[in-house]
Every structure is written in structure tokens, then in C-alpha cells.
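Asker: Using the sequences and the accompanying hints, generate a full structural model.
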Amino acid sequence: MLEQGTISIHTENIFPIIKKSLYSDHQIFLRELVSNAVDAIQKLKMVSRAGEYNEDTGEPEITIAIDKNKKTLSISDNGIGMTAEEVKKYINQVAFSSAEEFIHKYEGKADQPIIGHFGLGFYSSFMVAKKVDIDTLSYQEGSQAVHWTCDGSPEFTLDESSRTVRGTTITLTLMPDEEEYLEAARIRNLVKTYCDFMPVPIKLDGQVLNQEKAPWRESPSNLTKEDYLEFYRYLYPFQEEPLLWVHLNTDYPFIINGIMYFPKMRPDVDVTKGQIKLFCNQVFVSDNCEEIIPQFLMPMRGVIDSTDIPLNVSRSALQGDRTVKRIGDYIAKKVGDRLKELYRDDREQYISAWKDLGTFVKFGVLNDDKFKKQVEDILIFRSTAKIETKPAVEVQSSEGDLWQDVTPSNTSSTRYTTIKEYLERNKERHENRVFYSTDEASQSTYIELHKNQGLEVLFMDSFIDTHFINFLEREYQHVKFTRVDSDLDNTLLDDKSGEIVDPTTKKTKSEIIKELFEKSLNRPKVNIRTEALKSDDPQGTPPAMVLLPEILRRLREMNAMMQQQNADFPEDHILLVNTAHPLIQNLANINQGSIIIQSDAESPTEQLVKMICQHVYDLALMSQKGFDAEGMKSFVERSNNVLTKLTEQASKKNN
499 MLEQGTISIH
509 TENIFPIIKK
519 SLYSDHQIFL
529 RELVSNAVDA
539 IQKLKMVSRA
549 GEYNEDTGEP
559 EITIAIDKNK
569 KTLSISDNGI
579 GMTAEEVKKY
589 INQVAFSSAE
599 EFIHKYEGKA
609 DQPIIGHFGL
619 GFYSSFMVAK
629 KVDIDTLSYQ
639 EGSQAVHWTC
649 DGSPEFTLDE
659 SSRTVRGTTI
669 TLTLMPDEEE
679 YLEAARIRNL
689 VKTYCDFMPV
699 PIKLDGQVLN
709 QEKAPWRESP
719 SNLTKEDYLE
729 FYRYLYPFQE
739 EPLLWVHLNT
749 DYPFIINGIM
759 YFPKMRPDVD
769 VTKGQIKLFC
779 NQVFVSDNCE
789 EIIPQFLMPM
799 RGVIDSTDIP
809 LNVSRSALQG
819 DRTVKRIGDY
829 IAKKVGDRLK
839 ELYRDDREQY
849 ISAWKDLGTF
859 VKFGVLNDDK
869 FKKQVEDILI
879 FRSTAKIETK
889 PAVEVQSSEG
899 DLWQDVTPSN
909 TSSTRYTTIK
919 EYLERNKERH
929 ENRVFYSTDE
939 ASQSTYIELH
949 KNQGLEVLFM
959 DSFIDTHFIN
969 FLEREYQHVK
979 FTRVDSDLDN
989 TLLDDKSGEI
999 VDPTTKKTKS
1009 EIIKELFEKS
1019 LNRPKVNIRT
1029 EALKSDDPQG
1039 TPPAMVLLPE
1049 ILRRLREMNA
1059 MMQQQNADFP
1069 EDHILLVNTA
1079 HPLIQNLANI
1089 NQGSIIIQSD
1099 AESPTEQLVK
1109 MICQHVYDLA
1119 LMSQKGFDAE
1129 GMKSFVERSN
1139 NVLTKLTEQA
1149 SKKNN
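For reference, each letter of the sequence shown is one residue, going 499 to 1153 in our numbering.
In case anyone wonders, no lab produced these hints; they're calculated from the structure. One should not assume that every hint holds.
To be verified - Mimicking EDC-like on lysine to aspartate or glutamate, the simulated pairs with C-alpha atoms at most 16 Å apart in a straight line are:
1. Lys994 to Glu1009
2. Lys918 to Asp875
3. Lys628 to Glu653
Stated by the list, open to error - Cβ pair distances, simulated, as ranges:
4. Asp554 to Phe654: 30 to 36 Å
5. Arg820 to Glu929: 43 to 49 Å
6. Gln1083 to Asn988: 20 to 26 Å
7. Asp523 to Asn930: 58 to 64 Å
8. Asp1126 to Asn930: 36 to 42 Å
9. Arg836 to Glu997: 57 to 63 Å
10. Glu1135 to Asn968: 38 to 44 Å
11. Arg836 to Ala1127: 46 to 52 Å
12. Asn1138 to Asp959: 31 to 37 Å
13. Ser942 to Asn1138: 23 to 29 Å
14. Lys762 to Glu639: 54 to 60 Å
15. Arg972 to Gln737: 34 to 40 Å
All figures in this text were calculated on a predicted structure; none of them were measured in a lab. Cβ atoms here follow ideal geometry from the backbone N, Cα and C, with glycine treated the same way.
Answerer: Given below as C-alpha cells:
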């Protein structure tokens, strides 16, 4: 070993770094000085409770004063004050935190926590001031008031002061380019931003600027519903009322307090950007805490306050730490607990909120196994099943059907159900089979077909449900999930075994219709199926439907997603022609007549039949995909031609 020693750090080198680089934003200085003033007042309370100060502490307050003529801004408190020795110890020694020492000495004597930690906040004043003065008088009996002054260099002076009032005043003589802090409106704004919930009144010109009360520090039992709503309105004015809220309040295994709200979703809400305010001992730190909040809870708003969240020395940013992950897990658990509580105690509100937060709950289930286990039994889906109107609300167990007591009087009669309830309810009709729809509008024909035959359909129509269905299939491996337009259950079809064979053609009517459409469409990749759809009113069923097999459709969607492209409609698909529909039966009869009088040239009737077949196909196709410009043009032209020929024939009959 050549040499061993101690690294020297010179004040003249470190001081400019503290002044210029420690804080990213100059306006932070006011937060730091007011925080120190709050600490001074809390310390006085602690020594008073310890019996070391028997005088009247008076009403605590912090006063901000502006002198535009002298270019000064001062912050005064009536707290504990300092002796000359304490000024030397806590002001002259950079990063020696009096808060740390005080907490150890008077542990258990505080009703409010001490804010300070690093001991650097005071020096933020030199970011805006060319000179800083301190006038202070300690609470200790017989103390001499002292005056400390520094011009921003490592040099200072310490003298006796004529101050006669216990407490401390810090006066900043502002630099010319920092005189914006001589404007009262600017100070009011900064106090509201950073110091609004500090537990001491902060005054300017005799007016209290801050709220003082931090609702998240209260016990949940002390707050009413209106208290929570009022706090939300204060934080986020002109917003709709929140869907629900979660009150965080724990001191083990870490300290965290807060109130988190789930807002009503609006199109202009950026769900990827956090809007939860981060505080440390009621001191504002940041407008968002994305590192703490699980991604699926990003839409939530509100406040989180913790001394255990690792901040950098300037209290302006989070440090990476495993505690952050543990706190995130705790928050997710509390949200899950709140959802379960709401599901159990107020189903109507739960369903009302689900319309906005369901997507994010599903996202959490997909990405957080612990959260999934919490909420997997309260995931609900809108259903086509009818609500039974009851004269009175039923008393139910937590295992009861969800919809029987959840229909608000001012909403439509819509059921919501869990997968387990759906399966139990339908096990006799279609055991271990779930029919679902991803688009109520475009798939309305298929939905109605299922409903008319008593088959219940679930709506899985949020953008996340494509992935969520895969999750459900892993959870319910014995269950088959079938989209309503992928195939038709046998319950929806009439038996074809009794069809009569035509003696002339040696074919059944279904076979004749199949050949007719194959010839008319001339699309080898379109698989024509003929079935008779069950219905008491055949006219109310569709004449034809386009079906996309479940597996092929999912593969196509997965490939499109991997290639970051929209899934094109496949040329290979099924056209199911409903042989029970009057239109199809009429079409078959017209075609049969044209065959009897067949000639080499295509007759007008054959042309009409061909156009109608194409038209029926187009109508079926419209429920699966929109037409491009050329396709729409062809559809409109064909529609006009069909109508023209039909009216021509009707006109000839009338003549």
C-alpha cells in the first residue's frame, strides 16, 4: 500500500454545486424554507410536550413578507428558534440535518412528522438570493438573539440581534433576474402548489394561503363521502365526480398515506400518463409518480404521501429502490380490496363504475398475478340475458346472481354476470360453452339469432378483450369460447335429414341452392353452406350470414398484430345461406322456373337471380367488413339494377 488517507472536500468547491445544480427548479426554494419553518414549529411542540418549555407556545403561524423597495422576501415562523451555537452547527455545516438529530432525541413526542431530512433545503435560497439574512431567537431561557448573514460565498458573519420574539426570520435579497418572487400572486401560486397541505397556516398580507388540513392524514372513519368528494373537487376542479376512491393508511411494513380516485373516463384523458400527486410529509414533490403506481392503475388520480419512498437529496425525484415495487404492490392490493368491497356491498355502484374501469382491471389481471387472484371472481361482463323484474330488492349472498338487485331505476335493463355464473346458468342448455360478441352493432344479426333461441351472449367488446379471451381460455381450460359469427350451434339449426329429393334433378333443395350460389358468386374460396335457421318467424332471420371459423380468425388477428397491421378480411370464409328464409325459397323457385324454359342465352330471369345472389352475399358481408370505395360503388350499382329489374317485372304483370 502506497498511501491511505481521507478525501478532502472544500466548501468553496461544493457550495456552487449546491446553489446551481442541487435543485432543477429555482422556485423550489420557497417550499424548502417554508418546510423548515413548519419543522421549527413542530419542534417547539415536541419540547413543550417533553416538559422542556413551559411558556405559552401561542398560535403557530408562518408569515411571508414582500418589500419591493428593498427587493427582499422574508419567511418568518414562531417556532423553536436557534442559539448561536445551533446556527453554527446547523447552518454553517452543510448537509448536517437538525431534523435527524431532533427526531432521535424526541421520538414519540410529535403529532406531526418532522419534514427535514437531508439538511440542504436552506441552501436552495441562494439560487434566487444574492444575500441571505437569518434573525433568530431560541426558546431556551436566557438565549441571546443572533443575526447571520451570507452573500452566497463560503464567508458569513454572525452577530447579536435585537430580536425579542421567539422564532426565526429568513430574509432573501433577491437577484435582479429573480424579482418575480416579489409578486404576491407568484407567492400565492407557489404556496398553493408546494405548501397547500402543510399543517401550519401560511400568511401573506394577513391572508392564510394554504388549506392546512391534509385529508389523507385523517382516519378513514373520520371522513364522510362528501369529504372525499370535496377533496377531489379541490384537486381536480371542473371534473365529473369520481367513480370510487381508495384510502391508503398504513405504517407497516412502510409508511404510506393517500387517497386515490378512479375518475370517470373521458376521450381526452391520457390513460398512459399518471396524475397522482406525490407528497413527502405533506410537502409536494411531484405531479406524478409513475414509478410507484402499477401501469394498469395509471388513470387513477389523487395523492400519495410517504416518507419511505426514496427521493433524491433535493426531494425532486424518485430513486430506484425495491421499496418502490413493494409500495406499488400494496397499492394494487388496496385497489383490489376496494373493488371486492364495492362488489359485495353496493353492486349497483360497482356495475356503474365497471363501464369505465373494467378495461383497466382486466389489464391488471393480465399483468399482475397477485391482483388477478384478488379480483378474478368479480370480473363481470354485459349479457343478453333478460332481467327479471322484481317488486322488491332481494337479500343475497356473495355467491348470488349478480343482476337480480343491480338495475338502477334510471338505466336500461342490462345484465352483468361473471363467467362462473354464466356457466352455471347455462350448463343444461350448452354446458362449458360461452358465446360472445365483440361488436354489438356489426354482429347484431348473429346476436339476435342466438337470443331468439334462448342462447345467452356475453359482450366482450373493449379493445383489451381480444387478449382477455385468451386469458379466460387458460383459466377455464374445459370451456370453449365461441364468437357468435364464427359458427352456429346446432340449437340454431333445423334438422335437414328429412329433406325431400327432387325427382327431376335428384337433388335436395339445399343442394340446389348451394349450387345456385356457387355458380352466381363464382368465388372458389367462399365455402357455401346451406342450413335452415330455426325461428318462429323465418322472415325475421337473415337470408345469409358470413361465418369466420374461430381458430382461423384468431390466427389472422394474431399475425396482423405481430406485423402491426390491420387484419384484412380473409378470402377464405363461409357463406351460410338460410334455406328457411322466404327470399331464398323464392329465389330457388324462380331459378327452377328459368331452368325449365332454359335456352342457350342467359335469360333476364337468370340475370336477376344471379344479381340477387350477389346482393344477398353483399348484405351478409356488410356485417363483417366495410366496403372500400370500389366495393361500395359496385354494391350501389347492383342494388339499383336489382330494383330496376324487379320493378320491370312487376310493371309487365300489371300490364
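Asker: Against this structure, judge whether each hint is valid.
Answerer: Each hint, compared with the structure:
| no. | hint | result |
| --- | --- | --- |
| 1 | Lys994 to Glu1009 | holds, 11 Å |
| 2 | Lys918 to Asp875 | holds, 8 Å |
| 3 | Lys628 to Glu653 | holds, 13 Å |
| 4 | Asp554 to Phe654: 30 to 36 Å | holds, 33 Å |
| 5 | Arg820 to Glu929: 43 to 49 Å | holds, 47 Å |
| 6 | Gln1083 to Asn988: 20 to 26 Å | holds, 22 Å |
| 7 | Asp523 to Asn930: 58 to 64 Å | holds, 60 Å |
| 8 | Asp1126 to Asn930: 36 to 42 Å | holds, 40 Å |
| 9 | Arg836 to Glu997: 57 to 63 Å | holds, 59 Å |
| 10 | Glu1135 to Asn968: 38 to 44 Å | holds, 42 Å |
| 11 | Arg836 to Ala1127: 46 to 52 Å | holds, 50 Å |
| 12 | Asn1138 to Asp959: 31 to 37 Å | holds, 35 Å |
| 13 | Ser942 to Asn1138: 23 to 29 Å | holds, 26 Å |
| 14 | Lys762 to Glu639: 54 to 60 Å | holds, 59 Å |
| 15 | Arg972 to Gln737: 34 to 40 Å | holds, 38 Å |
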